[in-house]
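So you can see what is in the structure, the chains are spelled out below.
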Amino acid sequence: MNNLCADIGWQSYNKYGETLCGDNVEIVDAANGTKFIVLADGMGSGVKANILSKLTAKIVSTMMAAGLQVEDCVETIAATLPVCKERCVAYSTFTIIALHDNEEAEIIQYDNPGVILLRDGGHYEFPSQEVVIGGKKILKARVKLQENDVFIMMSDGCIHAGVGIELNFGWQREDIISYMETFYDVGFTAKSLNSILLEECYRLYGGEPGDDTTACTIRIRKREPMSLVVGPPSNRDDDQKMMSLFFSKEGKHIVCGGSTSTLVARYLGKKLESTLDFDDPEIPPIAKIEGVDLVTEGVITINKVLTYARDYLGENTMYMDWSSKRDGASQIARLLFEEATDINFYVGRAINPAHQNPDLPINFNIKMQLVDELADCLKKMGKRIKVSYF
Amino acid sequence: MKITACVGSSCHLKGSRQVILKIQELIRENHLEDKVEFAGTFCMGKCQQGVCVDVDGVVHSVSPDTAADFFQKEVLAKI
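If you read the protein sequences in the order shown, they are chains A and B.
Numbering of the first sequence is given in the working numbering, commencing with residue 1 and proceeding in unit increments.
Numbering of the second sequence is given in the working numbering, commencing with residue 1001 and proceeding in unit increments.
Since the hints were made in silico from the structure, they are not lab data.
Please note: incorrect hints may appear among the correct ones.
Unchecked claim - Below are the DSS-like pairs computed for lysine-lysine, each with C-alpha atoms no more than 25 Å apart in a straight line:
1) A:222 to A:383
2) A:288 to B:1046
3) A:271 to B:1035
4) A:137 to A:58
5) A:271 to B:1002
6) B:1002 to A:288
This structure is a prediction, so every number in the text was calculated from the model and none was measured.
Using the sequences plus the hints, can you model the full thing?
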């Protein structure tokens, strides 16, 4: 194992007027540490395509993760997929990327637009080998992974974007490569890179995609540990233990909560300096302690971070809010969502007597719930989370 | 003179931001920048009385509505 990990983001636009998408992406972690990412594009559109692609993605990812060969998967798919009455074939194209121990990528492609690999700022053409399985031409490749490699998997909706509207022949793979190369060095997350690509497709289609359009971006990055402490321990005797565990961890340290920061300042023997900058009127100002990367208020700030996290996993409409602002919640969001890959939460269960006032919309149970929900959201973002209670 | 206003969770919900903006404005209007040191602090442990504003060691309970009054009585009068 090395210290690399995969940051993955994917998104689909449905064909204009369809409520179901004919493309599907499945991500499965096999027991041996290999991660399988499958993008399948079912023939046609609507419910039929949706079933075809869902079955394909699910069958391939499950079988591969169980250690079976791609030949077995293809045979199973051919035998399982319902045959389309109009076209008399069962058909779904697919792209598989298997990341073995984050050291090597195995790329298996059947009829989707070729996977794009960006490396060191430019396009990197990797050699593929053609094999025929059950009459189907399948491309296989193996690539040693490097930090900052970006893989882009697409359905043909991407390269057909703008056909006959903005462009005569659609947005060809070469055009997509040069477009995405310009964003390589910015340091965007996989999710942001992927949105950039899909937004452009959507624009070229004039807001009415002529086909289901899906892309999945994988960015190979270094693992980045981070620790966040919120709340003093329920037993005062555990103060020292909690603090020494928290500060013994590698990576950046975030401290949330008034009494928690007082505890931290005392432990470090440093001054706690409050600021009066209200960058977001809803969020209390941050503070500073030498040796801590970020000091914020507790419940209100975490609550806002949770709102951002839910939105980031869903519609992602608040990105502009938190991606540049300087208030505590935005700063935590950037650190946890974009920078960190492994997050240790240290949650103290002391009850703040001042917060047990029925007039206030904050109390102990809410605080515990907020942390649990935030940890869940971060897991869904693909991060490794550990929560320790004190 | 040193004034500290609480920016903890509870006081924040009770309007500490408005209180702070008001006090900052009054300090400017009265040209007291050299005489008054104004800072924020996390929870003072007296949330029931929030918004807590400490003037040279004495904690006062202030709300956005009473901020101007408070400034008159506790700051201007004693400077």
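We went through each hint and held it up to the structure:
1. A:222 to A:383: holds, 13 Å
2. A:288 to B:1046: holds, 22 Å
3. A:271 to B:1035: holds, 23 Å
4. A:137 to A:58: Answer holds: residue 137 of chain A to residue 58 of chain A is near 21 Å, not above 25 Å.
5. A:271 to B:1002: holds, 17 Å
6. B:1002 to A:288: holds, 19 Å
Hint compliance for this structure: no hint is broken.
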